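A.B. asks: Now for the letters of each chain:
There are 2 protein chains.
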Amino acid sequence: MPATDRECKIAMLTLQDTLHVVGGKWKLVLISILRAGKLKFRELSREAGISSRILSKELKEMEMNGLVTRTVCDTNPITVEYELTPYSDTLSELITVMHAWGKQHREKIKG
Amino acid sequence: MPATDRECKIAMLTLQDTLHVVGGKWKLVLISILRAGKLKFRELSREAGISSRILSKELKEMEMNGLVTRTVCDTNPITVEYELTPYSDTLSELITVMHAWGKQHREKIKG
Numbered sequence: 001m002p003a004t005d006r007e008c009k010i011a012m013l014t015l016q017d018t019l020h021v022v023g024g025k026w027k028l029v030l031i032s033i034l035r036a037g038k039l040k041f042r043e044l045s046r047e048a049g050i051s052s053r054i055l056s057k058e059l060k061e062m063e064m065n066g067l068v069t070r071t072v073c074d075t076n077p078i079t080v081e082y083e084l085t086p087y088s089d090t091l092s093e094l095i096t097v098m099h100a101w102g103k104q105h106r107e108k109i110k111g
Numbered sequence: 001m002p003a004t005d006r007e008c009k010i011a012m013l014t015l016q017d018t019l020h021v022v023g024g025k026w027k028l029v030l031i032s033i034l035r036a037g038k039l040k041f042r043e044l045s046r047e048a049g050i051s052s053r054i055l056s057k058e059l060k061e062m063e064m065n066g067l068v069t070r071t072v073c074d075t076n077p078i079t080v081e082y083e084l085t086p087y088s089d090t091l092s093e094l095i096t097v098m099h100a101w102g103k104q105h106r107e108k109i110k111g
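Top to bottom, those sequences are chains A and B.
With UniProt numbering as the guide, the letters of the first sequence map in order to residues 1 to 111.
With UniProt numbering as the guide, the letters of the second sequence map in order to residues 1 to 111.
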């Protein structure tokens with residue numbers, strides 16, 4: 001655990017950075033879904049069960065943080081496709097650890 | 001990565017469980033702070049820089065999930081002390097992985 005006050009403050013900031021980028025109810029769920037391959041906006045909305053309004057906000061933030069790419073497809077009507085970036089792989093360990101914790105927490109709560 | 005649809009749904013649920021219990025801006029920060037030892041409510045509010053209203057909501061949820069204990073101290077005026085439970089140790093790996101990801105994300109963004 002960091003010793004000095006300054007180190008503690010930095011540790012808190014980096015933790016909040018992660019929570020800011022991947023926290024909230026949906027981002028890691030969207031990443032989990034997209035790991036199976038790119039999807040169109042509507043497909044993603046249906047698969048995750050999120051409204052278009054919330055989904056577009058989440059995807060915009062994920063795009064800003066370099067986790068997904070957005071491709072406009074020349075279809076009629078125009079469709080937009082989302083795909084994970086290689087950088088999103090850096091979240092694999094975090095998703096795995098979160099899965100494991102959620103699973104054991106469920107078992108503890110069931111008792 | 002889980003194969004069947006059902007496994008995928010369960011994987012999403014356990015991920016959301018973790019996000020529900022430790023997501024949000026403050027819970028993991030509070031756990032990080034309390035790892036240095038128990039603190040009174042006011043001390044915690046000052047150390048984390050959170051309002052009493054938000055802090056008491058976060059601590060109530062953490063208490064419900066078995067992450068902290070709340071002790072009323074027979075002082076004048078009465079004070080309330082918060083301490084991590086042994087169960088909160090199960091979050092150590094998650095906090096470490098989040099620290100590491102936040103740190104590398106900061107470096108990437110600074111470019």
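Check each hint, because a few of them may be wrong.
One copy or two, either will do: identical chains are not told apart, so a pair holds if it fits within one copy or between any two.
[To be verified] With a Cα cut of at most 25 Å, we get these calculated SDA-like pairs of lysine to any residue:
| hint | residue 1 | residue 2 |
| --- | --- | --- |
| 1 | K38 | W101 |
| 2 | K38 | Q16 |
| 3 | K60 | Y87 |
| 4 | K110 | L39 |
| 5 | K110 | V80 |
| 6 | K9 | I78 |
Worth flagging that the hints you see were computed from the coordinates, not collected in a lab.
Note that the structure is a prediction, hence the values are computed from the model and not measured.
A.B. asks: The structure should be examined with respect to each hint, and the outcome stated for every one.
C.D. replies: Taking the hints in turn, this is what the structure says about them:
1. K38 <-> W101: Answer is between; shortest inter-copy Cα gap is 24 Å, intra-copy 27 Å.
2. K38 <-> Q16: between (29 Å within a copy, 21 Å between copies)
3. K60 <-> Y87: within (16 Å within a copy, 36 Å between copies)
4. K110 <-> L39: neither (35 Å within a copy, 30 Å between copies)
5. K110 <-> V80: Answer is neither; intra-copy 41 Å and inter-copy 29 Å both fail.
6. K9 <-> I78: neither (47 Å within a copy, 29 Å between copies)
Comparing the model with each earlier hint shows violations of hints 4, 5 and 6; every other hint is respected.
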